[in-house]
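Starting from the given sequences, assemble the full structure and let the hints guide the process.
Protein chains: 4
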Amino acid sequence: MREPAPDEVLLRVASCGVCTSELDMWQGMADIEFPRFPGHEVSGVVERAGSQVEGLEPGDPVAAWVTGRGFAEYVAVRAEYCFPAGSVPLDLALAEPLACAVNAVELAAPALGDDVVVIGAGFMGNLVQKLVQLKNPRHVIVADTRPDALERAAQLGATRTVNVLSESIVDLVREATGGAGADVSFEVTGAQAALLTLGDVTRMSGKVAIVGYHQGGMRELPLAAWNWMAFQIVNAHFREIDTIMGGMRAGMRLLTSGRLALDDLVTHRYALEDVNEAFATAVAKPEGFVKATVTIGPSPPG
Amino acid sequence: MREPAPDEVLLRVASCGVCTSELDMWQGMADIEFPRFPGHEVSGVVERAGSQVEGLEPGDPVAAWVTGRGFAEYVAVRAEYCFPAGSVPLDLALAEPLACAVNAVELAAPALGDDVVVIGAGFMGNLVQKLVQLKNPRHVIVADTRPDALERAAQLGATRTVNVLSESIVDLVREATGGAGADVSFEVTGAQAALLTLGDVTRMSGKVAIVGYHQGGMRELPLAAWNWMAFQIVNAHFREIDTIMGGMRAGMRLLTSGRLALDDLVTHRYALEDVNEAFATAVAKPEGFVKATVTIGPSPPG
Amino acid sequence: MREPAPDEVLLRVASCGVCTSELDMWQGMADIEFPRFPGHEVSGVVERAGSQVEGLEPGDPVAAWVTGRGFAEYVAVRAEYCFPAGSVPLDLALAEPLACAVNAVELAAPALGDDVVVIGAGFMGNLVQKLVQLKNPRHVIVADTRPDALERAAQLGATRTVNVLSESIVDLVREATGGAGADVSFEVTGAQAALLTLGDVTRMSGKVAIVGYHQGGMRELPLAAWNWMAFQIVNAHFREIDTIMGGMRAGMRLLTSGRLALDDLVTHRYALEDVNEAFATAVAKPEGFVKATVTIGPSPPG
Amino acid sequence: MREPAPDEVLLRVASCGVCTSELDMWQGMADIEFPRFPGHEVSGVVERAGSQVEGLEPGDPVAAWVTGRGFAEYVAVRAEYCFPAGSVPLDLALAEPLACAVNAVELAAPALGDDVVVIGAGFMGNLVQKLVQLKNPRHVIVADTRPDALERAAQLGATRTVNVLSESIVDLVREATGGAGADVSFEVTGAQAALLTLGDVTRMSGKVAIVGYHQGGMRELPLAAWNWMAFQIVNAHFREIDTIMGGMRAGMRLLTSGRLALDDLVTHRYALEDVNEAFATAVAKPEGFVKATVTIGPSPPG
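Chains as they are written, first to last, in this note's numbering: chain Z, 1 to 302; chain W, 1001 to 1302; chain B, 2001 to 2302; chain S, 3001 to 3302.
What the hints contain is simulated information worked out from the structure, not anything from laboratory work. C-beta: ideal position from N, C-alpha, C; glycine also. There's no promise every hint is true.
To be verified - Cut-off 25 Å, straight-line C-alpha distance, at most; resulting in silico cross-link-like pairs (SDA-like, lysine to any residue):
#1 B:K2285 with B:G2179
#2 B:K2285 with Z:F37
#3 Z:K285 with B:G2157
#4 S:K3285 with W:A1224
#5 W:K1285 with W:R1269
#6 Z:K285 with Z:R269
#7 Z:K285 with Z:F37
#8 S:K3285 with S:T3256
#9 W:K1285 with W:S1166
Said to hold, decoys possible - Quick list of the computed label-pair ranges, beta carbon to beta carbon:
#10 B:A2225 with S:G3179: 31 to 37 Å
#11 W:G1217 with S:V3283: 34 to 40 Å
#12 B:T2267 with S:G3179: 52 to 58 Å
#13 S:S3021 with W:G1217: 46 to 52 Å
#14 B:V2170 with W:W1228: 41 to 47 Å
#15 W:M1218 with S:Q3027: 29 to 35 Å
#16 S:R3239 with W:F1289: 30 to 36 Å
Below, the structure is given as structure tokens:
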């Protein structure tokens, strides 16, 4: 536990989410150097503020952006990377994944009354679906292969869910959109098959948004068809820190104002000593699993 | 009642809204040639479809875009200017003003979690407010001078209302936004004073959207301050027919899908023989008045 | 030779370009129904104007947009699809391919001072290069495998050319851009290999523009790397007629004002009776070949 | 002369431009506190680099962004605010005003083949004109009241110049644009009259760009007409430091690559001891005056 620099705050960590991107690291499979320190979905309470910090005081609950070492009791973080959590329970103040989803949805920019398809109903797919719904399109059609995931998507507000193992998503989208296809389609799986589906369900000149992270070799795309259909291809990944911070700010504003809640997505909570079990569960993805967080310090009274 | 051209449908008019822009014409004050034929906020039921029309059949309820003569029993209109009304009551299918508001809001493009100010709580201000809320900003602060209008804005979902005659909107916005000012501010009055307020409540590099139609001479702007604040000025008017049709399509999708309803805005209904009273009321704007429509034919069973 | 409809003009065709997209049709290989009528890069002189046409008179030289049958002495075309050719030689008034290139470059939107890579130095690649240069980036690096094509690219104004068979384009771009990579990269080949190169030469968060038409099966993309680099993917194809017309208008304005000339790209001209030889040459692509046109009627005095 | 901080370089100043925005300060008329230290258009040679600075070494010529104190022999500046000047003469490396003009032109974004009007042919008007021309519109029509300024605008490449004291700019623009009006119009005067002219020369749905800084009270706008014409209003001022730096980077890339030169705009040069004369001349604006710079240290061999 080090002292905060003049522009930092020292946070007493309340909670840290388990991110899919760290599962490889935890399993020792990733092609990276060790030791590494996972944990970047952090929230906590300000313990001490650096000498130049304004607007943050000891006791303030915040969500924060860190690049690792989040599974710890304390973490020092730049004050400008902290966002007020208000009365949001800190284990639900998952600002970092929320920032990714906010930025993806803002870039794809579904308009009022658009028809939208979301392929993938895991945690990120659910976040994308929820944020798309906050923009009030007409139809929100969610596809997956897992019945429990589709049931959850329906409860979250999908106007239609599709199990692609047993139903024709192309027929369903065509029917819902009067034959035209979706205005915007999101792929949130990282899988080859979902990419192909994008092209089949999107209208001419519509947008196909790639949100999934496509690890594991080349992806095949029917580019002649995508050319012909004049799709706008949206690669929903960001590297500018300002963009990431903008997404966190927007996401935390949605949470603190009650426009959005994540209580229906955090399904598994673990104590810090059970962090290994948290990762194991995130790998196993048992039925009903969406998102695991590790509770570290006491949450302030909400 | 003429036959529809091959690409037209003949509509049996159900309802036509009374538009503020036509009040001058009705009062005989406008500097225009007579006779003129007001009425452009039309809905009705397809009576006959032209020979080349696809997708519309007798009996279909639609909202339509016409440039006048809407206060009539029948009107012929291009099929591509008709939008399905589904089970929306036809006196609430006000597609034309909705299109204006949809296009204004989409151009100003408030992002998820933004703070928004709407100055003006008449019919168009209410529409803008409702559509802004469908995009889920954080705060929606509505200003006006009429207590009944502000009460209605609150019921429509404003997070805060301001009577600018008795409260400081600058102080209120500053407080709500942590001192920064609004991300997007809409002026929906057409009045000089509201323009000046825009600059006082908007953050640096934020957007000031001019939706009101500024008739009656020059407007004064503190342009040095607007330069200095690097505002993005949004002139929310449109002339391209494709843009207008896009706004109607989106608006009717919102209505038919239940994402939006206008039953709280249509406050006065008149029979065709009372059209003069409808205009007189729209001019007088009695307390509680928002929008008048003239009911012409029978609405189909909703 | 039919009479023009009220909104059409009858053109006496002066010239029609031979388009790569029609070579399959000519060779009988394409999977399409016959008979087909190729020829869509048409210019000519107005012979007669329909009764409702304004602004076009007999004798006016124009470039026109038709969807086929351009290899003919006369063609009837909607007046709004005709653009004045001024004193531009009509065999150089290739408005349709120019429209494709204008729209591709405007969509990718290289900014003043950007570094740009163009992969492919055939006719469309040359057009893209010329239009990119009209936007005054800093570097314009052109890659191909044919020495004659690269020599032409250099003469057209490339700041650097790269023969990817013998030089490392990655090294060259890195050196030219201070290690960052190009701001915008265009693929104008339709080939798999060029797609892969895009990712290797573009900076983080830069734009990769796919202009080539990718026929012949799936394309493989290293999507994980493209995700990680947060590339903006630009699919430079268009289907809206308004967009195509906008590109033709802009392209013809560039030609008629002398900002752009195409005399260095039309390398082969044929008489109408030699149209088969024109197609054969376009298929064979002999050294020095860029673009073939078929001269049909007499060009007016330029 | 202080030592550079770890992320700074110490510059030996070569040249500093005299900016119009500082003339009030020099004349003691501005409503600001004294002492103030003018001079923000600085170029020089790196004397020493801070310990963490990479990519800049003693002897490197650069243009730099400072907020004042530029009329001095040495200035310390953050390394990331320095841009290589290559072989550009340092008294012509006016990166700061160039950044303003680059950002204004990129925001207004004239497209290939557009028709553009620039009102105001002083130094900033000339810069805007030159950058607009680098984007290759069709017509560039420049208006002013000073014959010498118009003659210079013509030499810089205007396709037409207009003395608004003796010619009708409305007629001229209408004629040049086939009756439509300009696609984009820039006001670069800061004067009331030029604002009114914008609306008279711009086509429906076109862009009106306000670049001039409108000090000295309210400005009057015919907003009803601007609403009706559906103009896109572009307020070409910026406050984000990243945007300013982006403009400097682009501007210096244009200069160092030879795409742009400013030798025709710097008309008056002064020694440091004559700085008062430099300001007096900038106030007096004698015929032929465009821009004054103060030469401080020796320029490196270009």
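Quick rundown of the hints versus the structure:
At most 25 Å may separate the alpha-carbon atoms for a hinted pair to count; K2285 of chain B and G2179 of chain B exceed this at roughly 36 Å. Between the alpha carbons of K2285 of chain B and F37 of chain Z the distance comes to roughly 58 Å, so the proposed pair goes past 25 Å and is violated. Taken as a hint, the K285 of chain Z and G2157 of chain B pair is broken in the structure, with Cα atoms around 57 Å apart against an allowance of 25 Å. Only pairs whose Cα atoms come within 25 Å are accepted, and K3285 of chain S paired with A1224 of chain W is accepted, the gap being roughly 23 Å.
Of the pairs offered as hints, the one joining K1285 of chain W and R1269 of chain W holds, with about 14 Å between alpha carbons and a cut-off of 25 Å not exceeded. For a cut-off of 25 Å, the pair hint linking K285 of chain Z to R269 of chain Z stands: about 14 Å separates their Cα positions. Among the hinted pairs, K285 of chain Z with F37 of chain Z is consistent with the structure: their alpha-carbon atoms are about 22 Å apart, no more than 25 Å. Only pairs whose Cα atoms come within 25 Å are accepted, and K3285 of chain S paired with T3256 of chain S is rejected, the gap being roughly 29 Å.
Pair hint K1285 of chain W plus S1166 of chain W holds up; C-alpha atoms about 22 Å apart against a cutoff of 25 Å. Checking the proposed 31 to 37 Å range against A2225 of chain B and G3179 of chain S shows it is violated: the Cβ atoms sit about 51 Å from each other. Checked against the hint of 34 to 40 Å, the C-beta distance between G1217 of chain W and V3283 of chain S comes to roughly 36 Å, which is consistent with it. Roughly 38 Å separates the CB atoms of T2267 of chain B and G3179 of chain S, a value that falls outside the hinted 52 to 58 Å.
Separated by about 32 Å at the C-beta atoms, S3021 of chain S and G1217 of chain W break the suggested range of 46 to 52 Å. As the Cβ distance of V2170 of chain B to W1228 of chain W is approximately 45 Å, the hint placing it in 41 to 47 Å holds. With their beta carbons about 31 Å apart, M1218 of chain W and Q3027 of chain S fall inside the hinted range of 29 to 35 Å. Between R3239 of chain S and F1289 of chain W the beta carbons are some 42 Å apart, a value that contradicts the proposed interval 30 to 36 Å.
Of the hints listed earlier, those the structure fails to meet are numbers 1, 2, 3, 8, 10, 12, 13, 16, in rising order.
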